[in-house]
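Use the sequences and the hints to build the structure in full.
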Amino acid sequence: MLLEVSNLAVDLMGTAGAQRIVSGGTFALDEGESLGVVGESGSGKTMTALALMGLTPENARVSGSIRFEGRELTGLREEAMLALRGDRIAMIFQEPMTALNPLHRVGAQVAEPLVLHRGMTREAAFDRAVQLLDHVRLADPERAARAYPFALSGGERQRAMIAMAIGCSPRLVIADEPTTALDVTVQARILALIDGLRAESGMALMLVSHDLAVVAGHCDRVIVMYAGLIMESGPVEVVLREPKNPYTRALLEARPQPGASRGRRLRTIPGSPPIHHEIGAGCPFAGRCDLTIDICRTTPPPEVRFSADRLSRCHRAREMGSLNMRTGA
Amino acid sequence: MSAGGLWRPRVSFSLWAGAILALMLLLAAAVSFVWTPYPPAAIDIPHKLASPSLAHLFGTDDLGRDVASQLLTGSRISILVGLVAVGIGLVFGIVLGLIASFSGGWIEDAVMRLSDFVFAFPALLSAIMLTSTYGPGVINAIIAIGVLYVPIIAKVTRATANGVLAREYALAARAAGRGPLSIAFDHVLPNIAPALIVQATIQFAGAILAEAALSYLGLGAQPPQASWGRMLAEAQNVLYNAPSLAIYPGAAIALSVLGLNLLGDGLRDALDPKLKARS
Amino acid sequence: MSEAPLLEVVDLVKTYRLPRTSPFTPHGRRPALAGVSFSIVAGHSSGIVGESGSGKSTLARIALALDKPDSGAVRLEGRSLFDLPHHELRALRAHMQMIFQDPYGSLDPRQRVERIVAEPLAALGAAGRAERSARVAASLEAVGLRASDASKYPHEFSGGQRQRIAIARALITRPKLVVADEPVSALDVSVQAQALNLMSDLQQQAGVTFLLISHDLAVVAHICETTAVMYRGRIVEIGPTEELFGAPAHPYTRELVDATPRFDRPTRVAPAAEGRNGLETTGCPYAARCAFAQSRCLKEAPDLEDLAGRARRAACWFPLT
Numbered sequence: 001m002l003l004e005v006s007n008l009a010v011d012l013m014g015t016a017g018a019q020r021i022v023s024g025g026t027f028a029l030d031e032g033e034s035l036g037v038v039g040e041s042g043s044g045k046t047m048t049a050l051a052l053m054g055l056t057p058e059n060a061r062v063s064g065s066i067r068f069e070g071r072e073l074t075g076l077r078e079e080a081m082l083a084l085r086g087d088r089i090a091m092i093f094q095e096p097m098t099a100l101n102p103l104h105r106v107g108a109q110v111a112e113p114l115v116l117h118r119g120m121t122r123e124a125a126f127d128r129a130v131q132l133l134d135h136v137r138l139a140d141p142e143r144a145a146r147a148y149p150f151a152l153s154g155g156e157r158q159r160a161m162i163a164m165a166i167g168c169s170p171r172l173v174i175a176d177e178p179t180t181a182l183d184v185t186v187q188a189r190i191l192a193l194i195d196g197l198r199a200e201s202g203m204a205l206m207l208v209s210h211d212l213a214v215v216a217g218h219c220d221r222v223i224v225m226y227a228g229l230i231m232e233s234g235p236v237e238v239v240l241r242e243p244k245n246p247y248t249r250a251l252l253e254a255r256p257q258p259g260a261s262r263g264r265r266l267r268t269i270p271g272s273p274p275i276h277h278e279i280g281a282g283c284p285f286a287g288r289c290d291l292t293i294d295i296c297r298t299t300p301p302p303e304v305r306f307s308a309d310r311l312s313r314c315h316r317a318r319e320m321g322s323l324n325m326r327t328g329a
Numbered sequence: 001m002s003a004g005g006l007w008r009p010r011v012s013f014s015l016w017a018g019a020i021l022a023l024m025l026l027l028a029a030a031v032s033f034v035w036t037p038y039p040p041a042a043i044d045i046p047h048k049l050a051s052p053s054l055a056h057l058f059g060t061d062d063l064g065r066d067v068a069s070q071l072l073t074g075s076r077i078s079i080l081v082g083l084v085a086v087g088i089g090l091v092f093g094i095v096l097g098l099i100a101s102f103s104g105g106w107i108e109d110a111v112m113r114l115s116d117f118v119f120a121f122p123a124l125l126s127a128i129m130l131t132s133t134y135g136p137g138v139i140n141a142i143i144a145i146g147v148l149y150v151p152i153i154a155k156v157t158r159a160t161a162n163g164v165l166a167r168e169y170a171l172a173a174r175a176a177g178r179g180p181l182s183i184a185f186d187h188v189l190p191n192i193a194p195a196l197i198v199q200a201t202i203q204f205a206g207a208i209l210a211e212a213a214l215s216y217l218g219l220g221a222q223p224p225q226a227s228w229g230r231m232l233a234e235a236q237n238v239l240y241n242a243p244s245l246a247i248y249p250g251a252a253i254a255l256s257v258l259g260l261n262l263l264g265d266g267l268r269d270a271l272d273p274k275l276k277a278r279s
Numbered sequence: 001m002s003e004a005p006l007l008e009v010v011d012l013v014k015t016y017r018l019p020r021t022s023p024f025t026p027h028g029r030r031p032a033l034a035g036v037s038f039s040i041v042a043g044h045s046s047g048i049v050g051e052s053g054s055g056k057s058t059l060a061r062i063a064l065a066l067d068k069p070d071s072g073a074v075r076l077e078g079r080s081l082f083d084l085p086h087h088e089l090r091a092l093r094a095h096m097q098m099i100f101q102d103p104y105g106s107l108d109p110r111q112r113v114e115r116i117v118a119e120p121l122a123a124l125g126a127a128g129r130a131e132r133s134a135r136v137a138a139s140l141e142a143v144g145l146r147a148s149d150a151s152k153y154p155h156e157f158s159g160g161q162r163q164r165i166a167i168a169r170a171l172i173t174r175p176k177l178v179v180a181d182e183p184v185s186a187l188d189v190s191v192q193a194q195a196l197n198l199m200s201d202l203q204q205q206a207g208v209t210f211l212l213i214s215h216d217l218a219v220v221a222h223i224c225e226t227t228a229v230m231y232r233g234r235i236v237e238i239g240p241t242e243e244l245f246g247a248p249a250h251p252y253t254r255e256l257v258d259a260t261p262r263f264d265r266p267t268r269v270a271p272a273a274e275g276r277n278g279l280e281t282t283g284c285p286y287a288a289r290c291a292f293a294q295s296r297c298l299k300e301a302p303d304l305e306d307l308a309g310r311a312r313r314a315a316c317w318f319p320l321t
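So the protein sequences, as listed, match chains A, B and C.
Using the numbering used here, the letters of the first sequence map in sequence onto residues 1 to 329.
Using the numbering used here, the letters of the second sequence map in sequence onto residues 1 to 279.
Using the numbering used here, the letters of the third sequence map in sequence onto residues 1 to 321.
Quick caveat, the hints were computed from the structure, so don't treat them as lab data.
C-beta: ideal position from N, C-alpha, C; glycine also.
Incorrect hints may have been included.
With a Cα cut of at most 20 angstroms, we get these calculated SDA-like pairs of lysine to any residue [to be verified]:
no.: 1; chain 1: C; residue 1: K68; chain 2: B; residue 2: L21
no.: 2; chain 1: C; residue 1: K68; chain 2: B; residue 2: L83
no.: 3; chain 1: C; residue 1: K152; chain 2: B; residue 2: D186
no.: 4; chain 1: C; residue 1: K152; chain 2: A; residue 2: L116
no.: 5; chain 1: C; residue 1: K68; chain 2: B; residue 2: R174
no.: 6; chain 1: C; residue 1: K68; chain 2: B; residue 2: I107
no.: 7; chain 1: C; residue 1: K176; chain 2: C; residue 2: R313
no.: 8; chain 1: C; residue 1: K176; chain 2: C; residue 2: D303
no.: 9; chain 1: C; residue 1: K68; chain 2: B; residue 2: K155
no.: 10; chain 1: C; residue 1: K68; chain 2: C; residue 2: A94
no.: 11; chain 1: C; residue 1: K68; chain 2: C; residue 2: P85
no.: 12; chain 1: B; residue 1: K155; chain 2: B; residue 2: G104
no.: 13; chain 1: C; residue 1: K176; chain 2: B; residue 2: R174
no.: 14; chain 1: C; residue 1: K68; chain 2: C; residue 2: S80
no.: 15; chain 1: B; residue 1: K155; chain 2: B; residue 2: G218
no.: 16; chain 1: C; residue 1: K68; chain 2: B; residue 2: A166
Label-pair distances were calculated between CB atoms; the ranges are [claimed, not checked]:
no.: 17; chain 1: C; residue 1: D83; chain 2: A; residue 2: T98; range: 40 to 46 angstroms
no.: 18; chain 1: A; residue 1: R71; chain 2: C; residue 2: D201; range: 41 to 47 angstroms
no.: 19; chain 1: A; residue 1: T15; chain 2: B; residue 2: S132; range: 37 to 43 angstroms
Listed below in structure tokens is the structure:
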């Protein structure tokens with residue numbers, strides 16, 4: 001296994017004491033595999049990604065185990081993490097405008113990891129950066145390398161970010177909402193580019209997104225997160241066809257589908273995602289969930305394992321196939 | 001990871017310290033109306049340059065006037081100048097800033113270039129020019145300082161108002177059919193008030209300083225009016241015999257200015273809704 | 001009921017002035033709308049889709065007379081908005097309201113919900129205090145909030161609830177037309193459905209007609225009978241939503257449909273038009289990106305024309321079948 005995460009927890013220290021943002025995060029990722037992490041705002045999906053990169057905010061405390069290439073990353077010293085970051089593990093951020101330094105040329109920024117991790121000279125690295133920009137199919141890579149970030153369009157900037165991420169041939173790329181700020185047509189091109197790069201280099205991908213449909217088309221396996229918990233995980237097509245967690249099912253039915261008839265009532269999920277301090281003793285989805293029974297409010301949901309890589313965190317996971325949910329509200 | 005993350009006070013130290021110092025300034029002025037140890041302008045040559053004692057808490061000056069009484073009374077002028085000058089700046093500055101922000105186009109450009117023009121003159125130098133042209137005195141000093149505040153407030157108003165007008169709720173108000181005036185009063189002013197309050201507090205400190213400087217040069221408060229700036233100027237004559245005479249008004253000015261600046265900084269943090277939402 | 005369509009937009013042109021790059025160069029100009037016309041019949045909601053820079057948000061603002069076009073006209077029930085005297089336009093606003101994208105930015109953080117929702121009434125100067133409160137309460141309840149929420153401030157609500165407050169504000173004058181600019185894009189998936197169902201209900205029960213602007217085809221398809229696809233300030237295709245997305249005639253519509261993420265297949269990428277990137281032509285604005293472009297497309301710009309045998313209009317020399 002390239003990456004094995006077990007019992008990952010992230011606590012944020014604040015005025016009101018510690019808040020658990022991520023808890024019990026257990027998942028694994030193999031060479032060349034792509035894992036989708038889906039969740040709404042506050043689900044802890046971004047914090048999970050940052051924890052893998054060792055980039056959690058200063059007031060966060062990470063516990064549990066993150067093993068990458070057989071090496072334990074939690075508790076690793078910052079210097080050791082620096083050597084990994086941008087080399088073995090790379091990250092692509094949502095907003096390339098803020099992730100790129102506006103004052104430096106794009107080419108120099110793409111070259112930066114090569115200078116840091118490969119000991120290349122600035123000139124050699126810059127030439128390599130031009131090749132990388134060409135590799136991510138930026139039109140006129142020479143010009144793009146010499147340009148400043150503001151001169152590129154959103155899609156071009158994201159391509160530059162990707163070029164920067166793949167420069168050192170990382171084994172794992174973490175992409176946090178890489179296409180959320182982009183138009184759908186550009187999104188499709190960027191996702192296809194990432195697919196292609198993955199196929200050719202065998203790197204593993206962790207794609208964090210709020211959109212289950214994006215993950216559906218571009219990942220082998222999926223993790224669905226809610227309020228810091230992994231509610232369900234498994235192979236994408238199995239999870240989509242036969243969700244074993246009411247939250248996943250609700251997400252599938254809440255989104256209008258292209259081609260569905262107009263005005264058809266969408267399944268609604270009452271209320272809104274809980275804020276961390278509102279989560280009580282039981283299941284965080286209790287109350288919003290149609291299948292809520294007494295135990296859901298009092299006891300944390302158990303992990304129910306259906307097969308080696310299929311898991312649902314729900315008191316009623318085993319009944320899911322036979323239970324029909326109310327439609328509409 | 002540090003303990004600093006756990007303890008984040010809502011009310012900052014600067015807000016407390018600033019508020020206490022500013023309150024002391026107000027209190028001094030209030031007390032001076034009902035009681036001073038001696039009439040502040042009462043000359044008592046036999047007791048001139050007395051050292052601090054129970055009879056004269058801060059001693060007397062070269063004409064035998066009680067320093068403590070003068071310090072108390074002098075705070076009035078500082079507050080008067082601060083209030084009225086900042087008031088002038090606020091009234092005209094807000095109106096000009098709002099006009100610029102709402103009209104946009106060449107009117108906005110004109111107002112802003114006019115502000116730049118006024119800005120181009122060093123504030124104190126302009127005040128000196130104005131008071132020496134129209135004659136020294138508190139009223140002229142106030143007007144001179146106030147006029148210089150107009151462009152400052154106008155700039156702050158325009159910048160923050162433009163920020164509010166760019167928000168969707170301002171657009172929503174227009175979509176609802178509201179006119180510019182009612183949008184200005186209902187949406188813009190309440191939302192830019194924090195920025196203006198902070199600015200006004202800091203300008204208040206500036207006004208105290210400017211008044212002291214003008215009075216020191218003999219262009220502000222005239223005798224027998226007690227003023228910290230004038231006390232400083234008079235102390236200069238006997239600086240080698242009684243250096244403490246310069247220190248008292250100097251400290252009063254410094255503490256007031258420091259207090260108001262701290263208050264402004266503290267208010268800036270306390271009134272910022274972004275910071276409030278996080279705590 | 002008058003015979004005129006509810007909303008009629010005629011040949012709108014709008015160009016934005018860009019900041020000068022140096023004091024000696026003239027202002028640059030960026031066309032936002034290059035001749036847009038369409039009309040909406042009462043009771044038949046319409047959608048506009050397109051990518052950023054297509055001019056769809058500019059169109060929304062001009063349709064509500066929040067911005068002036070360089071030329072062209074907007075008519076609400078036959079009355080031309082830009083020819084009306086000020087006070088009449090203000091009165092007419094009761095019939096056309098707007099819902100914005102950002103539920104955080106569209107509510108004044110320093111006002112209570114009561115005042116926010118009552119704003120369109122206050123602008124009309126209509127209704128006394130008691131009636132205003134009653135209508136605010138009714139409007140809040142119509143969008144699934146409680147009447148008692150009127151005394152709270154926006155920050156006490158979640159994103160989805162805030163969007164309901166914004167919808168309540170738009171509804172309080174019982175408008176005929178509501179322009180909604182990306183009304184659910186900022187909401188979480190689980191909350192989006194509530195807002196979309198609410199909009200469906202309003203169409204059926206309150207007789208509201210929507211002009212819905214969105215980049216999300218699925219959202220538009222859920223609400224709108226007719227859809228227009230915009231590209232660089234022009235409508236490139238317009239027709240009944242289901243057929244439009246089911247069998248696009250314009251290559252750009254097809255690119256949009258293919259690119260939309262779905263559960264049942266990966267997104268598809270239109271074949272790249274190699275070597276024509278950034279090409280400026282006098283012809284079709286989409287030609288530089290179009291995989292089907294031929295030499296005629298680079299020379300002449302096609303007009304929006306009826307397609308034979310289909311309830312559809314498209315601006316393409318070689319429409320897809």
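Right, here's what the structure says about each hint:
Only pairs whose Cα atoms come within 20 angstroms are accepted, and K68(C) paired with L21(B) is rejected, the gap being roughly 53 angstroms. Distance check on the hinted pair: K68(C) and L83(B) sit about 43 angstroms apart at the alpha-carbon level, beyond 20 angstroms; violated. Distance check on the hinted pair: K152(C) and D186(B) sit about 17 angstroms apart at the alpha-carbon level, within 20 angstroms; holds. Straight-line distance between C-alpha atoms of K152(C) and L116(A) comes to about 53 angstroms, which puts the hinted pair past the 20 angstroms bound.
Of the pairs offered as hints, the one joining K68(C) and R174(B) holds, with about 13 angstroms between alpha carbons and a cut-off of 20 angstroms not exceeded. Annotation: proposed proximity of K68(C) to I107(B) holds, straight-line Cα distance about 19 angstroms (limit 20 angstroms). For the proposed pair K176(C) and R313(C), the alpha carbon gap of about 26 angstroms is over 20 angstroms, so the pair is violated. This hinted pair does not check out: K176(C) and D303(C) have alpha carbons roughly 31 angstroms apart, beyond 20 angstroms.
Taking the CA atoms of K68(C) and K155(B), the gap is near 27 angstroms; set against the 20 angstroms cutoff, the hint is violated. A hinted pair counts as satisfied when its Cα atoms are at most 20 angstroms apart, and K68(C) with A94(C) qualifies at roughly 19 angstroms. Straight-line distance between C-alpha atoms of K68(C) and P85(C) comes to about 14 angstroms, which keeps the hinted pair within the 20 angstroms bound. A distance of roughly 13 angstroms separates the Cα atoms of K155(B) and G104(B); the hinted pair therefore holds under the 20 angstroms criterion.
Of the supplied pair hints, the one linking K176(C) and R174(B) holds, its CA atoms being roughly 18 angstroms apart against a limit of 20 angstroms. About 12 angstroms separates the Cα atoms of K68(C) and S80(C), which keeps this hinted pair within 20 angstroms; it holds. Simply put, K155(B) and G218(B) have alpha-carbon atoms about 31 angstroms apart, too far for the 20 angstroms limit, and the pair is violated. Of the pairs offered as hints, the one joining K68(C) and A166(B) holds, with about 17 angstroms between alpha carbons and a cut-off of 20 angstroms not exceeded.
Checking the proposed 40 to 46 angstroms range against D83(C) and T98(A) shows it holds: the Cβ atoms sit about 45 angstroms from each other. Remark: the range hint 41 to 47 angstroms for R71(A) to D201(C) is contradicted by a beta-carbon distance near 55 angstroms. Separation of T15(A) from S132(B) is about 55 angstroms and departs from the stated range, judged on CB atoms against 37 to 43 angstroms.
Of the numbered hints listed earlier, those contradicted by the structure are 1, 2, 4, 7, 8, 9, 15, 18, 19.
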